[in-house]
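Trainee: What follows is each chain in one-letter form.
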Amino acid sequence: MVHISRAQLFAVIVVMLAGLLFALPNLLSRATLDQLPSWVPNQQVNLGLDLRGGSHLLLEVDVDGVFEEQLAGFVDSVRVELRRANIGYTGLGLEGNSVVFSLRDTADVDRARDVLRDYIGDATLRISDDGSGSITLSDQAMAERRISVVQQSIEIVRRRIDETGTREPTIARQGEDRILVQLPGVDDPQRVKDLLGQTARLSFHLVDEDVVPGVDSVPPGSRLLPAQEADPSGQVRGYVVRNRVMVSGDNLVDAQATFQEGQPVVSFRFDSVGAQRFGDTTRNNVGRLFAIVLDEEVISAPVIREPILGGRGVISGSFATQEVQDLALLLRAGALPAELTVLEERSVGPGLGADSIAAGETASLLGLVLVMLFMAAAYGLFGLMAACALLLNLILILAVLSGLQATLTLPGIAGIVLTIGMAVDANVLIFERIREEVRNGRGPVSAIDIGYRQALSAIIDANVTTLIAAVLLYNFGTGPIRGFAVTLAIGLVTSMFTAIMITRLMVVGWLRAGRPKKALPI
Amino acid sequence: MPLIRLFPAEPRIPFLAVRYWFLAIAMVLMTGSIATFFVQGLNFGVDFRGGILMEVRTEAPADLEDMRSRLGALDIGPVTLQEFGEPTDVLINLQRQEGAEDAQMEAINAVRAELGDEVAEYRRTEFVGPRVGEELRRAGMMATLLSLLGIGLYIWFRFEWHFAMASLLALVHDVIVTVGFFSFTQIEFNLTTLAAVLTIAGYSINDTVVVFDRVRETMRKYKKKSVPEMLNEALNQTLSRTILTSVTTLIALGSLYAFGGEVIRGFTAGLIWGVVIGTFSTIGIAVPLLYYLGLKRATMQTAGESGKEQAGNPSAG
Numbered sequence: 001m002v003h004i005s006r007a008q009l010f011a012v013i014v015v016m017l018a019g020l021l022f023a024l025p026n027l028l029s030r031a032t033l034d035q036l037p038s039w040v041p042n043q044q045v046n047l048g049l050d051l052r053g054g055s056h057l058l059l060e061v062d063v064d065g066v067f068e069e070q071l072a073g074f075v076d077s078v079r080v081e082l083r084r085a086n087i088g089y090t091g092l093g094l095e096g097n098s099v100v101f102s103l104r105d106t107a108d109v110d111r112a113r114d115v116l117r118d119y120i121g122d123a124t125l126r127i128s129d130d131g132s133g134s135i136t137l138s139d140q141a142m143a144e145r146r147i148s149v150v151q152q153s154i155e156i157v158r159r160r161i162d163e164t165g166t167r168e169p170t171i172a173r174q175g176e177d178r179i180l181v182q183l184p185g186v187d188d189p190q191r192v193k194d195l196l197g198q199t200a201r202l203s204f205h206l207v208d209e210d211v212v213p214g215v216d217s218v219p220p221g222s223r224l225l226p227a228q229e230a231d232p233s234g235q236v237r238g239y240v241v242r243n244r245v246m247v248s249g250d251n252l253v254d255a256q257a258t259f260q261e262g263q264p265v266v267s268f269r270f271d272s273v274g275a276q277r278f279g280d281t282t283r284n285n286v287g288r289l290f291a292i293v294l295d296e297e298v299i300s301a302p303v304i305r306e307p308i309l310g311g312r313g314v315i316s317g318s319f320a321t322q323e324v325q326d327l328a329l330l331l332r333a334g335a336l337p338a339e340l341t342v343l344e345e346r347s348v349g350p351g352l353g354a355d356s357i358a359a360g361e362t363a364s365l366l367g368l369v370l371v372m373l374f375m376a377a378a379y380g381l382f383g384l385m386a387a388c389a390l391l392l393n394l395i396l397i398l399a400v401l402s403g404l405q406a407t408l409t410l411p412g413i414a415g416i417v418l419t420i421g422m423a424v425d426a427n428v429l430i431f432e433r434i435r436e437e438v439r440n441g442r443g444p445v446s447a448i449d450i451g452y453r454q455a456l457s458a459i460i461d462a463n464v465t466t467l468i469a470a471v472l473l474y475n476f477g478t479g480p481i482r483g484f485a486v487t488l489a490i491g492l493v494t495s496m497f498t499a500i501m502i503t504r505l506m507v508v509g510w511l512r513a514g515r516p517k518k519a520l521p522i
Numbered sequence: 001m002p003l004i005r006l007f008p009a010e011p012r013i014p015f016l017a018v019r020y021w022f023l024a025i026a027m028v029l030m031t032g033s034i035a036t037f038f039v040q041g042l043n044f045g046v047d048f049r050g051g052i053l054m055e056v057r058t059e060a061p062a063d064l065e066d067m068r069s070r071l072g073a074l075d076i077g078p079v080t081l082q083e084f085g086e087p088t089d090v091l092i093n094l095q096r097q098e099g100a101e102d103a104q105m106e107a108i109n110a111v112r113a114e115l116g117d118e119v120a121e122y123r124r125t126e127f128v129g130p131r132v133g134e135e136l137r138r139a140g141m142m143a144t145l146l147s148l149l150g151i152g153l154y155i156w157f158r159f160e161w162h163f164a165m166a167s168l169l170a171l172v173h174d175v176i177v178t179v180g181f182f183s184f185t186q187i188e189f190n191l192t193t194l195a196a197v198l199t200i201a202g203y204s205i206n207d208t209v210v211v212f213d214r215v216r217e218t219m220r221k222y223k224k225k226s227v228p229e230m231l232n233e234a235l236n237q238t239l240s241r242t243i244l245t246s247v248t249t250l251i252a253l254g255s256l257y258a259f260g261g262e263v264i265r266g267f268t269a270g271l272i273w274g275v276v277i278g279t280f281s282t283i284g285i286a287v288p289l290l291y292y293l294g295l296k297r298a299t300m301q302t303a304g305e306s307g308k309e310q311a312g313n314p315s316a317g
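So the sequences go chain by chain: A and B.
In this text, residue positions in the first sequence follow UniProt numbering: the first is 1, and each later residue adds one.
In this text, residue positions in the second sequence follow UniProt numbering: the first is 1, and each later residue adds one.
In case anyone wonders, no lab produced these hints; they're calculated from the structure.
Watch out, some of these pointers could steer you wrong.
Here are some chain A residues pointing at chain B (derived, C-beta under 8 Å) [claimed, not checked]: (1) Val348; (2) Gly360; (3) Ile420.
Taking lysine to aspartate or glutamate and the EDC-like style, the derived pairs with C-alpha atoms no more than 20 Å apart in a straight line are [said to hold, decoys possible]: (4) A:Lys193 x A:Glu209; (5) A:Lys193 x A:Glu163; (6) B:Lys221 x A:Asp449; (7) A:Lys193 x B:Glu106; (8) B:Lys296 x B:Glu160; (9) B:Lys221 x B:Glu10; (10) A:Lys193 x B:Glu229; (11) B:Lys296 x B:Glu229; (12) A:Lys193 x A:Asp162.
No residue lacks a Cβ here, since even glycine has one placed at the ideal position from N, Cα and C.
Chain B with its partners taken away, still in its complex shape (with noise of 0.2 Å):
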């Protein structure tokens, strides 16, 4: 049976040397996010704003219009709607309301009442009082900051620190385009989507890291080659490998943004931005940065020296 080869045995890509390009399209990437950023925002989840937000599903299929201007004259505040799905699915979104907890209660309240024999089912009520909204929107910053932090420890005490310097850039770069995303597609950021950009931070240093093994192990390989050559080589050898494991992944996020329900999709969708973004971003932006921070040889060999290096990786030139 013949096999797939998605690329040839032994690609000689000279990544390096449009470097120029990677950087400049890392470049746009991070302005325009910052930018919509800036201009939009980012659609704040029910989670991080404070909040009530109620699926329901309607007898028949539902009349948005109508309900819009029946909610909207409930004193509860601006209401959005939007079709969740399915036609007879709708997503309402309530404001925070003045006052207490209370009421936001009076505020479910109040639609149930307004909507009464329409609705076939309450599939979702979520509210979220304004203390523990902003507790979370604290709690996601930290862990975001900290994953950061650790990821970066854990490569400068595995490697060394241009590596780590260069990973935490890239990831850096990871996060940021990953929020632009979200802030341009306005998909709803929320708790599950802040799992979603850690998670791209875990994959993208994952294959950070892969490359990176690759860079180690060739400068020890190859006692005249230039750094860029070597980076080059090593980017090479691992881009079959690369690109397959990003190919698996997308093949089940694609199956689960296609059929993982509406609940989740947002999560998805940024989920799959982020792999392709975390990819590029090894091969675009964490090696060159090796390269732009003076990586050479010469440390290389003090560190394997001082036995920071891993006992079972023995050169295998």
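Bound-form chain A, shown alone (with noise of 0.2 Å):
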């Protein structure tokens, strides 16, 4: 072990100057950083939210809603179809993830499913000759379904935070049907929630005029709508609107907030299809009250006085300028597939941030250098020799995690605090061995030689089982947490690297140039 060959001595200084240029950054403004050229590593810690403030927020996706929608509207299909072909049937209802119904008549088989099979879309229809008839939402179908669910509900979610001007979000999936948002900076995160808490679906509907809401019973292919406003007697007010949709949110292609006559607005664009539909519905319709829903409240039922051709308009309503603002904000990014809840906040404010940051480098460095003067105090020249060790494996901590872009944490501080105290573990476990091998006789070199030899399976055995303890923290752990494991295990490694070879090539350094042979300062 006294002996280190030209390609060990080759490697640790190749690693040093590697980390030093890692480390380095963290010591530079941004500014000078932007100015570095591009090869050499301008990566600076990534902070993590506890410590730069921000606010992580744990959506998660509503998919069973989605489909209990879907099955509602088979039944609602079921329903209107079957009655308006003059098909009797009986026990329609819900059963799991299926619409079943029995035809009273089994001669009408095959027209019930000629009738129903444009209404199903992914799901699956049987009906059998005793008449016994079922639509069924396929587990592969829903597996399919949920995962395009949820990927739209991130495309969405990412669109309308884009809209917020929040810098940097990180928007990610978690699991199977939920999603992670960072939001950096962002330390009161509830414009943000507000603006994912509407699933924001806009659509155009006929109002059935037959009928007084309230009154007469809603006939089926209609529904009982409430409306956004109150009626000036207070109560409120509810259209019956035909459940087909005329025009749908999904054409919309610009929406802006503006005024007219005075009143904020969202004037709104439609694509070709949309401007199509828009415009042969309010030419066959003149005369008729049109309602604009979203997610299922009227917003206002206006009188088609004209056919409106050019696929533009208005959506007017008792808004403030806000909510004018919000709702064009919300169109322009179009709706979320299924809602979405909150299932878990964690925010941080700027002045906690920058606090723990300030009391984690005052810890560190105190730990540090009390750590230092410890080991000087403990093993002389050999004890310098391994705070030198310990100063350069903090060196390596902070270049591997600029490096690696891993987030430090406020526990992730804590991880290298204590990292800081226990790297010299492999360093005591050496010289003591030293002094051991010393006290039964051996001469320096040897001492020496054997110290490193014999210390190193239980730095070894010792390292790897508080390394199996920081994987697992890793694997269970979420957030801050993780921050924790990553440190401590990086400590774990490079203290390895720092407390054997970079002392070993001290030490060796030292009895090369010839010191004292006698007596180890130890």
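Two chains, each in its own frame: build the complex with the hints.
Mentor: Shown next as structure tokens:
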């Protein structure tokens, strides 16, 4: 162990130079870094939200709600279409992921199949010869749908958050139907939550004017929806609207907040398909009420005075200016395919983050200095060498964190401080061993050789066991805990390198320089 | 320069002779821990119980009584307030609200509306829904069990079953006594403190492994000494290292406890306790258990001959 080959020496030097190079950006300002040539490492440590301030939201996509809605739609289709085709049925209802019914007359089986086929999308329609029928969402269809709903939701969430001007948001899928949103610098995510709290599904429906809301029963194919604005009398108003969507918000290409006659309104523009449908509907229904429905609520239901052919229109209602701006934003970004629920929220203000960084820096520097002093006091010159190795270890940790762009959190800083305390263990093991060998009457060179050799297995075993705990922490932990596991693991690996290789290099260098051969300064 | 020697060069402390005392202390600690755990349980943080935690900094030193009564009047269930490091910093804990996730948001907004201008800064807001809390609890338990298992397996692989069993029992002791510490002090038990428990497991085993490594070596070296004698010698030979490493770790942790900020103080307190307990359990539990588990020199030699030992560990004698 007292012989160090050129290759080893070279490797140590390369690692340390690389470490310095990768750690250096953390001492420079961002502006200086941007001027550096691109081949120079210029990444700083990536601070977690608990240190830089920001919000962390865990959202759940209500995919089951989508299925329920879809099944309810099937029930509706069966009711309306079979009735329209004069096919008698009984026992229409839900059963798990299926809509079941049975035909009164088995002679209608083929006709019922033809009628329903167009309305079931990717579901499976079965009508057996005895007249019992079912529309089933297959597991595969549901699984595919789940994936697409979640992906689509992520996309819409991203667009909505981008519209708010948040810088560097992270939006990622987590688990099966969850979305993790991280918003650096946003310490009050209320506005984002408001924006994500609405699906913003817009659709245009004709109003069923034959039915008086709240008095007559609602006929099949129509539904009663509440109006956004209350009656002057204070009662909640509603409209009975036809279920059929004449034009949907999917066909919008633009929406802007603007003013019309002093009122804030949203002006919108359709794509060519939407413009065509909008034109056709308004041309064929002049004089009727046309309901604008947002998330199952009628925003307004103006009378169609004349055909609107340009594909442009405005949505007016009782809006505040901010509401109009939000609505325009939501319509531009598109509707969410499912509702989102906030399962977990953690936000940290900039003040606490900055305080934590300052506290972490003080604690690590003080810990570092005290441990270095202690080592020097306990082991003299060799202790000083270990102290140098400790300092280099800290630089290496910083370098690895920067290079890998791992996230440093507050528990992560705690991990570094803990590493400072534990990193010297390897040196303590080695030095204690050397002392012991000296006591046993060995010469300096031989004692050092045996010391390093004998301590190695204990060092490796001890570090591997701690590493096991760190890996499990990483696997089961979330956010800040992962940060702790990462720095702990990095620290363990780098400390083995510095405590064994670097100190050995120094000790061997010292031996070669021909210093006192009799008593080791330990 | 005179170097600090914490211990005589070759201490001869009869650790094994006082093993009854150690085991008695361990039993007392464990019984006490289990008792406090069942009497007052753990002060689960928002991570595990679900609910809402807000840390606010007020404009003027906070009047906790006034805040408590005003927040208590809101229809948001029991509210606990505590000063957090500074007289202007207040930690507000709300129970999980009845109803779905939306109800939690409403509660947060109700608190914000009530406190209004008094608050200079919302330093932290954490809301964990009931489902996530439940998942985190389960994941935490899994992590603890698996890390114990993983560490045990590694020791078994590197040494043999006596060592694995002894270190595992010592670890179980550490975990129980650390959980007891959190129960006794009622320091909030959250995800971060759970990390402290797992780290303690890692630290304690680290310590144990070093001593076991020496035990193994000692047993190969001497052909005639009795097992207790050899165990004692291994403990004494590694004592200086055990203490030194504990001291450096405690120095670093002490610095973290004093200056690392309020948020991780509980976590650091747990680590400090754990380092002491981990050191104790190595000397007082793991090594005596080796003796009780009937470790014999013969088994060591067979193990060595079967090639289970590491090649880079030739006998020094």
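Trainee: Compare the structure with each hint and give your call.
Mentor: Going down the list of hints, with the structure as the test:
no.: 1; hint: Val348; verdict: holds, 5 Å
no.: 2; hint: Gly360; verdict: holds, 6 Å
no.: 3; hint: Ile420; verdict: holds, 5 Å
no.: 4; hint: A:Lys193 x A:Glu209; verdict: violated, 37 Å
no.: 5; hint: A:Lys193 x A:Glu163; verdict: holds, 13 Å
no.: 6; hint: B:Lys221 x A:Asp449; verdict: holds, 19 Å
no.: 7; hint: A:Lys193 x B:Glu106; verdict: holds, 12 Å
no.: 8; hint: B:Lys296 x B:Glu160; verdict: holds, 12 Å
no.: 9; hint: B:Lys221 x B:Glu10; verdict: holds, 18 Å
no.: 10; hint: A:Lys193 x B:Glu229; verdict: violated, 67 Å
no.: 11; hint: B:Lys296 x B:Glu229; verdict: holds, 12 Å
no.: 12; hint: A:Lys193 x A:Asp162; verdict: holds, 14 Å
Checked against the numbered hints given earlier, this structure breaks hints 4 and 10; the rest are met.
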